[in-house]
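Chemist: The lines below spell out each chain.
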Amino acid sequence: MNRMKEDFKLDNLPKHNIYQVPEQYFDRLPMRVMERTAGAERQVPAWQQSLWAPLRTAIAPLVLLLVFVGAFIVTLQQQKQDEQYALQPLAEEEILDYLSYNEDLETADFAELSSMSKQDFTEDFLNISSVAAEEELEYYHIRHIQE
Amino acid sequence: MEDKEILEKFSQPESQNLAFNQLVRKYQQKIYWHIRKMVIDHDDADDLTQEVFVKVWKNLGNFRQDAQLYTWIYRIATNECLTFLSNKKKRFFLPIHDVASELAEKIDTSPDISGDEIQLKLQKALLRLPDKQRLVFNMKYYDEMKYEEISEILGTSVGALKTSYHLAVKKIEEFIKRD
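Taken in order, these protein sequences are the chains called W and H.
Mind the numbering: the first sequence is residues 1 to 147 in the working numbering, read in order.
Mind the numbering: the second sequence is residues 1001 to 1179 in the working numbering, read in order.
Don't take each hint at face value.
Keeping only pairs whose Cα atoms sit at most 30 angstroms apart, straight-line, the calculated DSSO-like set for lysine-lysine is [what the hints assert, rightly or not]:
| id | chain 1 | residue 1 | chain 2 | residue 2 |
| --- | --- | --- | --- | --- |
| 1 | W | Lys9 | H | Lys1090 |
| 2 | W | Lys15 | H | Lys1132 |
| 3 | H | Lys1026 | W | Lys15 |
| 4 | W | Lys9 | H | Lys1146 |
| 5 | W | Lys15 | H | Lys1121 |
| 6 | H | Lys1171 | H | Lys1121 |
| 7 | H | Lys1088 | W | Lys15 |
| 8 | H | Lys1146 | H | Lys1171 |
| 9 | W | Lys9 | H | Lys1177 |
| 10 | W | Lys15 | H | Lys1162 |
| 11 | H | Lys1171 | W | Lys15 |
| 12 | H | Lys1030 | W | Lys15 |
| 13 | H | Lys1124 | W | Lys9 |
| 14 | W | Lys9 | H | Lys1132 |
| 15 | W | Lys9 | H | Lys1055 |
| 16 | H | Lys1171 | H | Lys1055 |
| 17 | W | Lys15 | H | Lys1106 |
| 18 | H | Lys1030 | H | Lys1055 |
| 19 | H | Lys1004 | H | Lys1106 |
| 20 | W | Lys15 | H | Lys1058 |
| 21 | H | Lys1170 | W | Lys9 |
| 22 | W | Lys9 | H | Lys1171 |
| 23 | H | Lys1162 | W | Lys9 |
| 24 | H | Lys1090 | H | Lys1121 |
| 25 | W | Lys15 | H | Lys1009 |
| 26 | H | Lys1026 | H | Lys1055 |
| 27 | H | Lys1026 | H | Lys1171 |
| 28 | W | Lys15 | H | Lys1124 |
| 29 | H | Lys1170 | H | Lys1088 |
| 30 | H | Lys1146 | W | Lys15 |
Here are the in silico distance ranges between beta carbons for each label pair [to be verified]:
| id | chain 1 | residue 1 | chain 2 | residue 2 | range |
| --- | --- | --- | --- | --- | --- |
| 31 | H | Asp1043 | W | Gly39 | 18 to 26 angstroms |
| 32 | W | Lys9 | H | Gln1029 | 47 to 55 angstroms |
| 33 | H | Asp1043 | W | His16 | 21 to 29 angstroms |
| 34 | H | Phe1063 | W | Asp11 | 21 to 29 angstroms |
These are calculated hints, taken from the structure and not from any lab test.
All C-beta atoms in this analysis are idealised placements derived from N, C-alpha and C, irrespective of residue type, glycine included.
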């Protein structure tokens, strides 16, 4: 043994593994590793991480811009609609027609008419028969005298 | 299954687990023995091997295919070993010599270590080497890796690795002759 030690050269020594593992250790190891990985969270790949950070910064002002543009468009459309109703040019004739058909004349209106009796109003404008108009005028005229 | 195929399947969610299982089966023995020769104890080697594969699982998405997969896994395993041994030294406030003695004692007493006297002596001699030199020796002598591959794993130049290996052989031979 001592001589062997003195002449010892690593190259002459056969390679031998002195370590042992429990039986079927390598058959079970993959399953045990898989059990551990099942609960382990995977890291997001670096390229995704590096892409997400600037993307996130870029998206925020973009979303804000889109909100402003959207609000502007809605306001513009609303304005156009209002203008359409407000500025729609109506022929004078149409206005008169509307009034003649829809305006209900009250007796107070005829009171005013007494002071305007000298003016010439057409039957069409008053929308009452000439007989009725005469009667109304007469009534107001009598009341005026009595007072 | 080739590494390329494993990586391809791993990138698809439906075949991810299958691909990873294949990867573990392919590399488990190499990684386990690489770790075991460094930490000596089976339970420590078992924990570290699992830890290595969990790290592989977590980071495989970041793996750049300009390096070889097994080189990358070896690098993770090597770092785990060095961190483990470094923590062991810090935890017990022991100088390197005492950690070496503790590991040498395991060689004598552990039931799952057996060999003839010269083989046991060789392992004890290895424990006298600094951790990084021991790594270089194991990878060259036992794993029969090329210096270029070791260089990629350890980030050390080929020239420095050659010097380190030859010095390690010399130290081991002297230790055995002297003891």
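Chemist: For a C-alpha distance cap of 30 angstroms, please report whether lysine 1170/H and lysine 9/W respect it.
Modeler: holds, 9 angstroms
Chemist: Between the alpha carbons of lysine 1170/H and lysine 1088/H, is the straight-line distance 30 angstroms or under?
Modeler: holds, 27 angstroms
Chemist: Starting from lysine 1171/H, check that the Cα of lysine 1121/H is at most 30 angstroms away, please.
Modeler: holds, 13 angstroms
Chemist: Between lysine 9/W and lysine 1055/H, is the straight-line Cα distance small enough, at 30 angstroms or below?
Modeler: violated, 39 angstroms
Chemist: For the pair supplied as a hint, lysine 9/W and lysine 1171/H, is the alpha-carbon distance within the 30 angstroms limit?
Modeler: holds, 11 angstroms
Chemist: Is 18 to 26 angstroms right for how far apart the beta carbons of aspartate 1043/H and glycine 39/W are?
Modeler: holds, 21 angstroms
Chemist: Hinted pair, alpha-carbon criterion (30 angstroms max): lysine 15/W, lysine 1009/H. Please report holds or violated.
Modeler: violated, 37 angstroms
Chemist: Holds or violated: are the alpha carbons of lysine 1146/H and lysine 15/W at most 30 angstroms from each other?
Modeler: holds, 17 angstroms
Chemist: Holds or violated: are the alpha carbons of lysine 1090/H and lysine 1121/H at most 30 angstroms from each other?
Modeler: Cα-Cα ~27 angstroms, so holds.
Chemist: Given the proposed pairing of lysine 15/W with lysine 1058/H, does the C-alpha separation stay at or below 30 angstroms?
Modeler: Violated, because 35 angstroms separates the two Cα atoms, which is more than 30 angstroms.
Chemist: Taking only the CA atoms, is the gap from lysine 1124/H to lysine 9/W under or equal to 30 angstroms?
Modeler: Given pair lysine 1124/H, lysine 9/W holds - Cα atoms ~16 angstroms apart, limit 30 angstroms.
Chemist: Checking one constraint from the list: CA of lysine 9/W to CA of lysine 1177/H, max 30 angstroms. Satisfied?
Modeler: With a Cα-Cα distance of about 9 angstroms, the restraint between lysine 9/W and lysine 1177/H holds, given a limit of 30 angstroms.
Hint compliance for this structure: hints 1, 15, 16, 19, 20, 25, 27, 32, 34 are not met, and every other hint is.
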